[in-house]
Amino acid sequence: MLQNHFQLFSLPKQFDIDVKALESNYRKIQSASHPDRFVNASASEKLQSMQLATSANEAYQVLKKPARRAQYLLELNGVNAIADTNTAMPVEFLMQQMEWRERMEDAKAARDIATLETLNAELHKDARSIQTELAHLFDRQNDLSKATAETRKLIFIDKVCADILHAIEQIE
Amino acid sequence: MAYSDKVLDHYENPRNVGSLDKNDPQVGTGMVGAPACGDVMKLMIKVNDDGIIEDAKFKTYGCGSAIASSSLVTEWLKGRTIEEAYAIKNSEIAEELALPPVKIHCSVLAEDAIKAAVADIKAKQAAKDNA
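Just so you know, the sequences run in chain order X and D.
Residue 228 is where the first sequence starts when you use my numbering, and the numbers rise one by one after that.
Residue 797 is where the second sequence starts when you use my numbering, and the numbers rise one by one after that.
Just chain D, with the same shape it has in the complex (with noise of 0.2 angstroms):
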């Protein structure tokens, strides 16, 4: 199958690939799979006070497209606040690296992976203001 150039650039160079402390109050872990493909993807996220995301790392077994979607994603969260990161659409992912219709799924991971790291946060900080 055929990828497209901005695929390829990230599937032989991706971003942020690695991770951050997990066990830092700031930094929100989300992790999904595929199993029709077998794709594992964990995304992490690191929030400073004012809801800034300052970095963000991944880690991805998949196909090209997903390890593309991934590293998309991380590009993008940085600087964003978890509420923007968290309405980041699949849609918007797919089109970005031209997806074909079988490879869409691969933008819904990183979408997923998304919206499980900010839930992750959101119940880190929810935990410590209960604290």
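Chain X with its partners taken away, still in its complex shape (with noise of 0.2 angstroms):
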């Protein structure tokens, strides 16, 4: 059978995960199979150790990041946290969205680096609590009706940080 990305790593299949397991588990898992490794090895064992190298740098990327390690949960529990069928979000969450886009629309224009960054700290905090709350949801409640909603707002928080990174990098 196929592992999970989280088995992959030994880790337990939960939200709150220990960082620096996955790290060193996933540089062990690099090192072990790097082709250094398989100069003299069969063709085969070269293709089985090119696939885990490559399932492991997958895993790691989509665990790393809270917003993709909580997409990939909700997944293997059967659910689409971003399927385009589903543009229903709290409206004050949207307004919020709204205003978080204008403010750094208005910034960017003024080429004012420093708004940008005070923005980017708040919606960092605000990332953080959620993902304080999604440990919650999915570790303790099992309640994957809340933990979706909140997965949602954190894939939009993400992507006005991108964004603000983006303008602060088209400015300097």
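Note that these hints are calculated values from the structure, not bench results.
Hints may be right or wrong, so weigh each one.
Claimed, not checked - Think about it this way: if two alpha-carbon atoms lie no more than 20 angstroms apart in a straight line, the pair counts; the simulated SDA-like pairs of lysine to any residue are:
#, chain 1, residue 1, chain 2, residue 2
1, X, K255, X, D245
2, D, K853, X, M322
3, D, K802, D, K885
4, D, K911, X, A315
5, D, K818, X, F320
6, D, K885, D, I848
7, D, K818, X, Q323
8, D, K920, D, D820
9, D, K818, X, E319
10, D, K855, X, L321
11, X, K292, D, N812
12, X, K386, D, D820
13, X, K352, X, L321
14, X, K255, X, Q234
15, X, K292, X, K352
16, X, K247, X, Q288
17, D, K911, X, V318
18, D, K853, X, R328
Said to hold, decoys possible - Covered by chain D, according to a simulated footprint, are these stretches of chain X (three or more residues, beta-carbon under 8 angstroms):
#, segment
19, 248-261
20, 318-326
21, 382-395
Only a predicted model underlies this, so the values are computations on that prediction, with no experimental measurement involved.
The beta-carbon is built from N, C-alpha and C at its ideal position, and this holds for glycine as well.
Hints given; two lone chains; assemble the complex.
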């Protein structure tokens, strides 16, 4: 049977993971499957080690980012958090999104890096409180419906943060 | 990615950008969002006593296709009844703008924004009738 991303790194299937363990297990697999170790190996062993390195890489990218990790946990439970057909979000959250986007656009037009950085810090604070909530919803309450709603918020916030960083880069 | 001429036209000259008075009993507001690409869309419609949409405004943060989809529907909505508005399908929007498959979700967002705005105005009317 195929291992899921958590099993691959010997981590419990939950939101609140030991990031240090994730990183060290990822490095172990990367070094164990490094091509240099398979110079004299058979073709099938070479292929296997390459596949392991690829899966580890993909799994690591998913698990290290909280929003992707939450999305993946939902996927394992048969829930697609970002289905195209699901566009309903709490109105207050969408209003907040608009306000963030407006502030970002204004600051970008004024080439105001300080305001962009302040906004970025505010969003990170919101993201952290959603992550605390997600750990609670996934790992203790097993409330997938609320976890889906919070995950969708986190994906939105990550997108705004990425756009802010992009705007700062463009100004600099 | 190549946008169609119609998408570019709406993106470069968006129609009806802005807002209406959300406290006006004749104004319905629909807000929807798509986490996958971070798009947020706000659509406002002003409906007269005959149930006809007199004015429509939008504000969208998102890609060109999302902006074009909302700009297009504001043009379509004016003069239609709220029932006709409710019946608009995302496939009509996608077809008019020649959206590629990866951008179909932008038209879904616009359709859902219309439905949310209609639901809001109906809720306002029901509240008024019960008052």
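Checked hints:
{"no.": "1", "hint": "X:K255 <-> X:D245", "in the structure": "16 angstroms, holds"}
{"no.": "2", "hint": "D:K853 <-> X:M322", "in the structure": "16 angstroms, holds"}
{"no.": "3", "hint": "D:K802 <-> D:K885", "in the structure": "18 angstroms, holds"}
{"no.": "4", "hint": "D:K911 <-> X:A315", "in the structure": "11 angstroms, holds"}
{"no.": "5", "hint": "D:K818 <-> X:F320", "in the structure": "17 angstroms, holds"}
{"no.": "6", "hint": "D:K885 <-> D:I848", "in the structure": "19 angstroms, holds"}
{"no.": "7", "hint": "D:K818 <-> X:Q323", "in the structure": "16 angstroms, holds"}
{"no.": "8", "hint": "D:K920 <-> D:D820", "in the structure": "10 angstroms, holds"}
{"no.": "9", "hint": "D:K818 <-> X:E319", "in the structure": "14 angstroms, holds"}
{"no.": "10", "hint": "D:K855 <-> X:L321", "in the structure": "12 angstroms, holds"}
{"no.": "11", "hint": "X:K292 <-> D:N812", "in the structure": "39 angstroms, violated"}
{"no.": "12", "hint": "X:K386 <-> D:D820", "in the structure": "33 angstroms, violated"}
{"no.": "13", "hint": "X:K352 <-> X:L321", "in the structure": "18 angstroms, holds"}
{"no.": "14", "hint": "X:K255 <-> X:Q234", "in the structure": "14 angstroms, holds"}
{"no.": "15", "hint": "X:K292 <-> X:K352", "in the structure": "15 angstroms, holds"}
{"no.": "16", "hint": "X:K247 <-> X:Q288", "in the structure": "14 angstroms, holds"}
{"no.": "17", "hint": "D:K911 <-> X:V318", "in the structure": "14 angstroms, holds"}
{"no.": "18", "hint": "D:K853 <-> X:R328", "in the structure": "18 angstroms, holds"}
{"no.": "19", "hint": "248-261", "in the structure": "violated (count 0)"}
{"no.": "20", "hint": "318-326", "in the structure": "holds (count 6)"}
{"no.": "21", "hint": "382-395", "in the structure": "holds (count 5)"}
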